[in-house]
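Chemist: The listed protein sequences derive, respectively, from chains A and B.
Numbering follows the working numbering, with no gaps: position 437 of the first sequence is 440.
Numbering follows the working numbering, with no gaps: position 365 of the second sequence is 368.
The hints are simulated quantities; they were obtained by calculation from the structure and are not laboratory data.
Please note that a few of the clues may not be correct.
Just a sample of chain A residues kept apart from chain B, beta carbon distances all over 12 Å, derived [what the hints assert, rightly or not]: (1) Ala104; (2) Lys209; (3) Val211; (4) Asn242; (5) Asp345.
Straight line, CA to CA, 30 Å or less: simulated DSS-like cross-link-like pairs of lysine-lysine [to be verified]: (6) A:Lys340 - A:Lys254; (7) B:Lys38 - B:Lys162; (8) A:Lys38 - B:Lys162; (9) B:Lys258 - B:Lys340; (10) A:Lys443 - B:Lys62; (11) A:Lys38 - A:Lys162; (12) A:Lys62 - B:Lys443; (13) B:Lys340 - B:Lys254; (14) B:Lys258 - B:Lys209.
Each residue gets a CB set at the ideal place from its N, CA and C atoms; glycine is no exception.
Protein chains: 2
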Amino acid sequence: MNRLTLLDAMFLGLESPELPAHVAGLQIYELPKGKGSAWLHGLMEELRQRPPGSPFNEKLRPRLGGLPELVVDEDFDPDFHIRHTVLPRPGTDEQLRSLLARLHANLMDRDRPLWEFHLIEGLQNRRFAFYIKIHHAICDGATFSKWMSQSTTVSASGKDMRPIWQRPRVRANRTARTGLDALQAPVNLLATARDLGLGLGQLTGKLVRRRFLQGDRRIALPLSSPSTALTAPPTASRNLAFTHFPLAELKAMGKSSGATLNDVVLAICDAALRRFLSEQGQTPAQPLVALVPVNLRPPDSEEEGNLVTSIQVKLGDPEQTPGERLAAISASMRSGKEMYADIPAVASQAYSLGAAGLAALGSGLHLEGILPPPFNLIISNVPGPRETRYFGGARMLETYPVSGIAPMSALNVTVYSYDGELFFGLVAGRRAMPHLNDLKLCIDEVYEEFREELPGAD
Amino acid sequence: MNRLTLLDAMFLGLESPELPAHVAGLQIYELPKGKGSAWLHGLMEELRQRPPGSPFNEKLRPRLGGLPELVVDEDFDPDFHIRHTVLPRPGTDEQLRSLLARLHANLMDRDRPLWEFHLIEGLQNRRFAFYIKIHHAICDGATFSKWMSQSTTVSASGKDMRPIWQRPRVRANRTARTGLDALQAPVNLLATARDLGLGLGQLTGKLVRRRFLQGDRRIALPLSSPSTALTAPPTASRNLAFTHFPLAELKAMGKSSGATLNDVVLAICDAALRRFLSEQGQTPAQPLVALVPVNLRPPDSEEEGNLVTSIQVKLGDPEQTPGERLAAISASMRSGKEMYADIPAVASQAYSLGAAGLAALGSGLHLEGILPPPFNLIISNVPGPRETRYFGGARMLETYPVSGIAPMSALNVTVYSYDGELFFGLVAGRRAMPHLNDLKLCIDEVYEEFREELPGAD
Numbered sequence: 004m005n006r007l008t009l010l011d012a013m014f015l016g017l018e019s020p021e022l023p024a025h026v027a028g029l030q031i032y033e034l035p036k037g038k039g040s041a042w043l044h045g046l047m048e049e050l051r052q053r054p055p056g057s058p059f060n061e062k063l064r065p066r067l068g069g070l071p072e073l074v075v076d077e078d079f080d081p082d083f084h085i086r087h088t089v090l091p092r093p094g095t096d097e098q099l100r101s102l103l104a105r106l107h108a109n110l111m112d113r114d115r116p117l118w119e120f121h122l123i124e125g126l127q128n129r130r131f132a133f134y135i136k137i138h139h140a141i142c143d144g145a146t147f148s149k150w151m152s153q154s155t156t157v158s159a160s161g162k163d164m165r166p167i168w169q170r171p172r173v174r175a176n177r178t179a180r181t182g183l184d185a186l187q188a189p190v191n192l193l194a195t196a197r198d199l200g201l202g203l204g205q206l207t208g209k210l211v212r213r214r215f216l217q218g219d220r221r222i223a224l225p226l227s228s229p230s231t232a233l234t235a236p237p238t239a240s241r242n243l244a245f246t247h248f249p250l251a252e253l254k255a256m257g258k259s260s261g262a263t264l265n266d267v268v269l270a271i272c273d274a275a276l277r278r279f280l281s282e283q284g285q286t287p288a289q290p291l292v293a294l295v296p297v298n299l300r301p302p303d304s305e306e307e308g309n310l311v312t313s314i315q316v317k318l319g320d321p322e323q324t325p326g327e328r329l330a331a332i333s334a335s336m337r338s339g340k341e342m343y344a345d346i347p348a349v350a351s352q353a354y355s356l357g358a359a360g361l362a363a364l365g366s367g368l369h370l371e372g373i374l375p376p377p378f379n380l381i382i383s384n385v386p387g388p389r390e391t392r393y394f395g396g397a398r399m400l401e402t403y404p405v406s407g408i409a410p411m412s413a414l415n416v417t418v419y420s421y422d423g424e425l426f427f428g429l430v431a432g433r434r435a436m437p438h439l440n441d442l443k444l445c446i447d448e449v450y451e452e453f454r455e456e457l458p459g460a461d
Numbered sequence: 004m005n006r007l008t009l010l011d012a013m014f015l016g017l018e019s020p021e022l023p024a025h026v027a028g029l030q031i032y033e034l035p036k037g038k039g040s041a042w043l044h045g046l047m048e049e050l051r052q053r054p055p056g057s058p059f060n061e062k063l064r065p066r067l068g069g070l071p072e073l074v075v076d077e078d079f080d081p082d083f084h085i086r087h088t089v090l091p092r093p094g095t096d097e098q099l100r101s102l103l104a105r106l107h108a109n110l111m112d113r114d115r116p117l118w119e120f121h122l123i124e125g126l127q128n129r130r131f132a133f134y135i136k137i138h139h140a141i142c143d144g145a146t147f148s149k150w151m152s153q154s155t156t157v158s159a160s161g162k163d164m165r166p167i168w169q170r171p172r173v174r175a176n177r178t179a180r181t182g183l184d185a186l187q188a189p190v191n192l193l194a195t196a197r198d199l200g201l202g203l204g205q206l207t208g209k210l211v212r213r214r215f216l217q218g219d220r221r222i223a224l225p226l227s228s229p230s231t232a233l234t235a236p237p238t239a240s241r242n243l244a245f246t247h248f249p250l251a252e253l254k255a256m257g258k259s260s261g262a263t264l265n266d267v268v269l270a271i272c273d274a275a276l277r278r279f280l281s282e283q284g285q286t287p288a289q290p291l292v293a294l295v296p297v298n299l300r301p302p303d304s305e306e307e308g309n310l311v312t313s314i315q316v317k318l319g320d321p322e323q324t325p326g327e328r329l330a331a332i333s334a335s336m337r338s339g340k341e342m343y344a345d346i347p348a349v350a351s352q353a354y355s356l357g358a359a360g361l362a363a364l365g366s367g368l369h370l371e372g373i374l375p376p377p378f379n380l381i382i383s384n385v386p387g388p389r390e391t392r393y394f395g396g397a398r399m400l401e402t403y404p405v406s407g408i409a410p411m412s413a414l415n416v417t418v419y420s421y422d423g424e425l426f427f428g429l430v431a432g433r434r435a436m437p438h439l440n441d442l443k444l445c446i447d448e449v450y451e452e453f454r455e456e457l458p459g460a461d
């Protein structure tokens, strides 16, 4: 039995048919040599036999006047969770995207363990895919990534098959609370409340000082982002798009200007989104604002679940060269991080929950077009395994994150590193962004331009 | 532009992730001679080209302080509505059921025209299927059946292909209101209100008179049905089961006792459900109660949309022979119909909305187990075409209704007649009825027993 944390519960409380709160991963594999459909069917049979471990065997139980808890589902139904799908011929990547967009739009059954696993057969060029969907109330990107790594192997021998739901051992206890949930533990309530109060005070002080006294224009003030086509009321259907680039090249782009990989991702997304919007006749004069989730775990922490906050990062100005844009965003990011430095986790989480709550409120009251959106898109970076991975002897070729969108912002770009590549998973509201794949094309173009124009990139 | 009626809007208002309010039809076809996967892919391409007509091109638009209306969706997206799915090999009926259970559990996107069409490839024995899902706010069973008939042909030539969304002509105007919605038309508001008041008074008077003065124990009083495993809180996932029998045999079963086809269906469902429950250790001492929807259209009416009410029918006693059970149910049904005879449509609709509202209220307050359920299951009978039908030259072999479940009652059995057979579509909450297919087996057994024991049946 595990209590949910405040943040876990927020992902349940803010969820609606228009804003499902699950995250997912797509893994694309190559069939082992000499294996075909019969091998996949055998794999499927074997998967159904694997028993789930915590939290994959647990379902929600509401508690009167408290946060819900997770209890073992005594009627666990493997046929419900483990699914087999076949793409129509010829099995193109576009057909896969279209299938995933539908699967990703569907709410999960809250009366069952909050995950689904889909084996997808029939992808062109001897490939198959896994689509793994888990509710955000159960895990954040870092935990998802850890589970994905644990469920694949570094050897091609195919002996160590362990699907994501078959947990390696009893997981770390979730009671070691470092975030907002420390507020719930009476023993240090006073100390935590003091941290929260002081921390929020420090944050506000820093914000005002940096922005107005020191004239730091790279700080994103609340409600300072422009309204764009992405600031639309949320609707239930989704579009997906995927692309990937060599990790080393992306890192090299930032090298000469001291920018991080993350800065380069933000700059490419920013330039691409500006181009995409301008092709639709939209040219926001102000910088766009990205919400960037930040993992709050200390290095080497074993803690699972949700332990994130987020920074609002002001992106580049309308007309900038790749170098200028990257420098501006790198400065914004540093400002944002410095804002949170030395601030207790409890306060930074409260501040970022405030931004999410504001967006939810704005969306709930249909204030799109009246209230400026707290941010224009989410850009998230989740580190994955560095070396080639296998499942049951099949080599993992590509792996894309498929995340969720937030209220008042119809786009999420999450990147995931694996085996020397950085994989971009784009998720958008289908009504607000019916031509999401055009944004993917803009990202590909901008990537080439950055590679040509940045000094360190070649 | 069409206003929704009160009943239409009720199907939207009472909808939740646990209680989706759509209805669906499953059609199973045989591939034309010499045709295979390539032909199906061509069919799919052709279907995508067919433009939608009203209401298949219309989406909801909320109106402040009024019922929503339907307006043309200017960004109609055929790829969203028209979908292609392939079953994994070997493509058994069980795999089809499992796929449909998932598709049927998913809410529809309220920001788009409220329908989905799925072509399902890969069914064993040279078969393929259509699964057509439409929101109940747009149509009831009778309208669905009419649209299904219009979208198939009586000739095998394959020239007249017209999918369900390609409407034959401008449909009948929905303003001719005979039900509860007449209340909205100011011109006859007073007359309608008088009808409603008088009618509800008559209904109550009849109920009291028949039950208590005349001692008619076959009348179902509100809140008189026993609690069973079906009276469970609704959950999001579904189980489906299908069976079918010769129509002539079912009619013959009722013949000697003057029972209708509908009475026979109710009696078979009742006996089968009692057996199913008793195998799980449940033996309700009181009769079960079925909610039976009734089409309010005068014969030959062209009116589309929702125009139904429903009767609560007391089913048989625990231990009865097929003949006794059929006679008892036939008497209940007559009592129920007489209750509504000469009662204005507006009053019978209000009464049955009251029962539905009571169930929704009970479920919303989690009163399962405290409040007796207003009914135990829904049993619905929708007449379909009598002669063999074709689509694009493929012969329709079977066609099953896939309806929705109601609050406080986890089971819906809808039957649909076609080409000399009666097709049973069972839909249940998967948590309340994890072994729904066992109920299908009970129905098959009971059918055989009825056939052996009823005088007219052979």
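Chemist: Now, for every hint given, state plainly whether the structure supports it.
Modeler: Comparing the hints with the structure gives:
1. With 12 Å as the threshold on Cβ separation, the claim that A:Ala104 sits away from chain B is violated: the shortest Cβ distance comes to roughly 9 Å.
2. With a cut of 12 Å on Cβ distances, A:Lys209 stays outside the contact zone with chain B, its closest approach being about 41 Å.
3. Here A:Val211 stays apart from chain B, with its beta-carbon at least about 40 Å from theirs, past the 12 Å limit.
4. Consistency note on A:Asn242: stated as away from chain B, yet its beta-carbon is not over 12 Å from all of that chain's, at 10 Å minimum.
5. At roughly 43 Å from the closest C-beta of chain B, the C-beta of A:Asp345 stays outside 12 Å, upholding its exclusion from the interface.
6. A distance of roughly 20 Å separates the Cα atoms of A:Lys340 and A:Lys254; the hinted pair therefore holds under the 30 Å criterion.
7. The suggested pairing of B:Lys38 with B:Lys162 holds, with an alpha-carbon distance near 16 Å, which does not exceed 30 Å.
8. A hinted pair counts as satisfied when its Cα atoms are at most 30 Å apart, and A:Lys38 with B:Lys162 does not qualify at roughly 43 Å.
9. A hinted pair counts as satisfied when its Cα atoms are at most 30 Å apart, and B:Lys258 with B:Lys340 qualifies at roughly 19 Å.
10. For the hint linking A:Lys443 to B:Lys62, the alpha-carbon distance of about 29 Å falls within 30 Å, and the restraint holds.
11. A distance of roughly 16 Å separates the Cα atoms of A:Lys38 and A:Lys162; the hinted pair therefore holds under the 30 Å criterion.
12. For the proposed pair A:Lys62 and B:Lys443, the alpha carbon gap of about 29 Å is at most 30 Å, so the pair holds.
13. Of the pairs offered as hints, the one joining B:Lys340 and B:Lys254 holds, with about 20 Å between alpha carbons and a cut-off of 30 Å not exceeded.
14. Restraint check for B:Lys258 and B:Lys209: satisfied, since their Cα atoms lie roughly 29 Å apart, inside the 30 Å limit.
The earlier numbered hints that this structure contradicts are 1, 4, 8.
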